[in-house]
Amino acid sequence: MTYTPKRWASLGLGAALLGTTSLTACGDRNEPVRAEAPVAAPAPAPAPAAMAGEGGEGGTENGAMAGMADMQTLPVDKRIAFMSGHVAAGLALFRAGAPDQASRHLLHPVSETHAAERAGIDALGFDAAIFEKVSADLAAGKSAEEIAPELDAAEANIALLQQNANADPVGQIDFLMDTCIAEYKVGVVNGDIVEAGEYQDAYGFAVTARDIAKRIDKPEAEAVVMELELLVRMWPSEGPLAESIPAPVNEIAAQVSRVKLELSDLR
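With mature numbering (1 follows the signal peptide of the UniProt record, and there is no 0) applied, the sequence shown covers -25 to -1, 1 to 242.
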């Protein structure tokens, strides 16, 4: 029997979301889906203190990871999940027609700033040349048609890393949720996007968590997938563009808490 949260009935969502591999519209364009729940929501997930200053590619990302888990001590599967979130954000932005916003996220895997993140991943199949080529082509202003095959290759390489890592999917999702809400709280302040990179990264972490959950072969994972799908849909359907109207922080936090609540059944 497929689990369907009660509040989803009013949103017209449910079991059909399972197996969804791409975002579709759920509301008006540029309007984020609100988590209108007829049942009481769990307390919003607090942002870990160490994460609460993480920046995008132009921000203070490394400093935010310190204290929670230094990149050199963070397990490789979580580092790959973290990298995957940046790539997911970049791919979504490029496909939304914003290559200028996408470039810094797609550069993340080969950025010297994030060298510690790559420690040990070459053995898992990481191909830096793919991301270097994408970065160079974006800088050269090549068209979407020209770059599309390279973006597909980048996406495939990230998928290979995830497959080859000795992953703890529940731990990965939990880590991504902590990172997602921390990033969102930096990116959105008083209802406005003040740091677009963090707003976009939070989206990428939500997408990556959803995709990881889809690969968990347990009936209990269905509820996690659906809560993560709703979280992803709280960004505009066309992607996490810098000019978006963001969902309120408290609604994102409440939805992250719902994900964590369902995730607890998989521990």
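Be a bit skeptical, because a hint or two may be false.
What the hints assert, rightly or not - Now the in silico label distances, taken between C-beta atoms and shown as ranges:
(1) Gly116 <-> Asp240: 45 to 53 Å
(2) Arg190 <-> Ala94: 20 to 28 Å
(3) Gly116 <-> Gly95: 30 to 38 Å
(4) Pro194 <-> Thr48: 17 to 25 Å
(5) Ala94 <-> Asp143: 39 to 47 Å
(6) Asp75 <-> Asp97: 25 to 33 Å
(7) Pro50 <-> Asn165: 32 to 40 Å
(8) Ser86 <-> Pro50: 16 to 24 Å
(9) Glu195 <-> Val169: 33 to 41 Å
(10) Leu135 <-> Ser86: 15 to 23 Å
(11) Ala131 <-> Lys193: 24 to 32 Å
(12) Thr48 <-> Asn165: 28 to 36 Å
(13) Ser86 <-> Pro124: 20 to 28 Å
Claimed, not checked - For lysine to aspartate or glutamate, the following DMTMM-like pairs were computed, each having C-alpha atoms within a straight-line distance of at most 25 Å:
(14) Lys189 <-> Asp149
(15) Lys108 <-> Asp143
(16) Lys53 <-> Glu195
(17) Lys235 <-> Glu218
(18) Lys117 <-> Asp127
(19) Lys117 <-> Glu130
(20) Lys193 <-> Asp143
(21) Lys53 <-> Glu218
(22) Lys117 <-> Glu107
(23) Lys235 <-> Glu197
(24) Lys53 <-> Asp149
(25) Lys160 <-> Asp186
(26) Lys108 <-> Glu121
(27) Lys189 <-> Glu226
(28) Lys108 <-> Glu120
(29) Lys235 <-> Asp143
(30) Lys235 <-> Glu195
To be clear, the hints were calculated from the coordinates, so they are not data collected in a lab.
Backbone N, C-alpha and C fix where the C-beta goes; we use that ideal spot for every residue, glycine too.
Starting from the range 17 to 25 Å, see whether the pair Pro194 and Thr48 falls in it by beta-carbon distance.
Roughly 34 Å apart at Cβ, these two residues miss the hinted range, so it is violated.
Could you tell me whether the CB distance from Asp75 to Asp97 stays inside 25 to 33 Å?
holds, 30 Å
Holds or violated: Lys235 with Asp143, Cα cutoff 25 Å?
Answer holds: Lys235 to Asp143 is near 15 Å, not above 25 Å.
Using the beta carbons of Ala131 and Lys193, state whether their distance is inside 24 to 32 Å or not.
Holds, since Ala131 and Lys193 (Cβ atoms, about 26 Å apart) stay within the stated range.
Taking 25 Å as the top limit, are the C-alpha atoms of Lys189 and Asp149 close enough?
Roughly 15 Å between the alpha carbons, so the hint for Lys189 and Asp149 holds.
Check the hint pairing Lys108 with Glu121 against an upper bound of 25 Å on the C-alpha distance.
With Cα atoms ~12 Å apart, Lys108 and Glu121 stay inside 25 Å; holds.
Please test the hint of 30 to 38 Å on the beta carbon pair from Gly116 and Gly95.
Check passed, 34 Å falls within 30 to 38 Å.
Would the pair Lys53 and Asp149 pass a check requiring their Cα atoms to be no farther apart than 25 Å?
With a Cα-Cα distance of about 10 Å, the restraint between Lys53 and Asp149 holds, given a limit of 25 Å.
Taking 32 to 40 Å as the hint, is the beta-carbon distance of Pro50 and Asn165 inside that range?
holds, 36 Å
Given the proposed pairing of Lys108 with Glu120, does the C-alpha separation stay at or below 25 Å?
holds, 15 Å
When you check the alpha-carbon spacing of Lys160 and Asp186, does it fall within 25 Å?
holds, 23 Å
Within 25 Å, alpha carbon to alpha carbon, are Lys235 and Glu195?
The given pair, whose Cα atoms are some 13 Å apart, holds under the 25 Å limit.
Consistency with the previously given hints fails for numbers 4, 5, 15, 17 and 21, ordered from lowest to highest.
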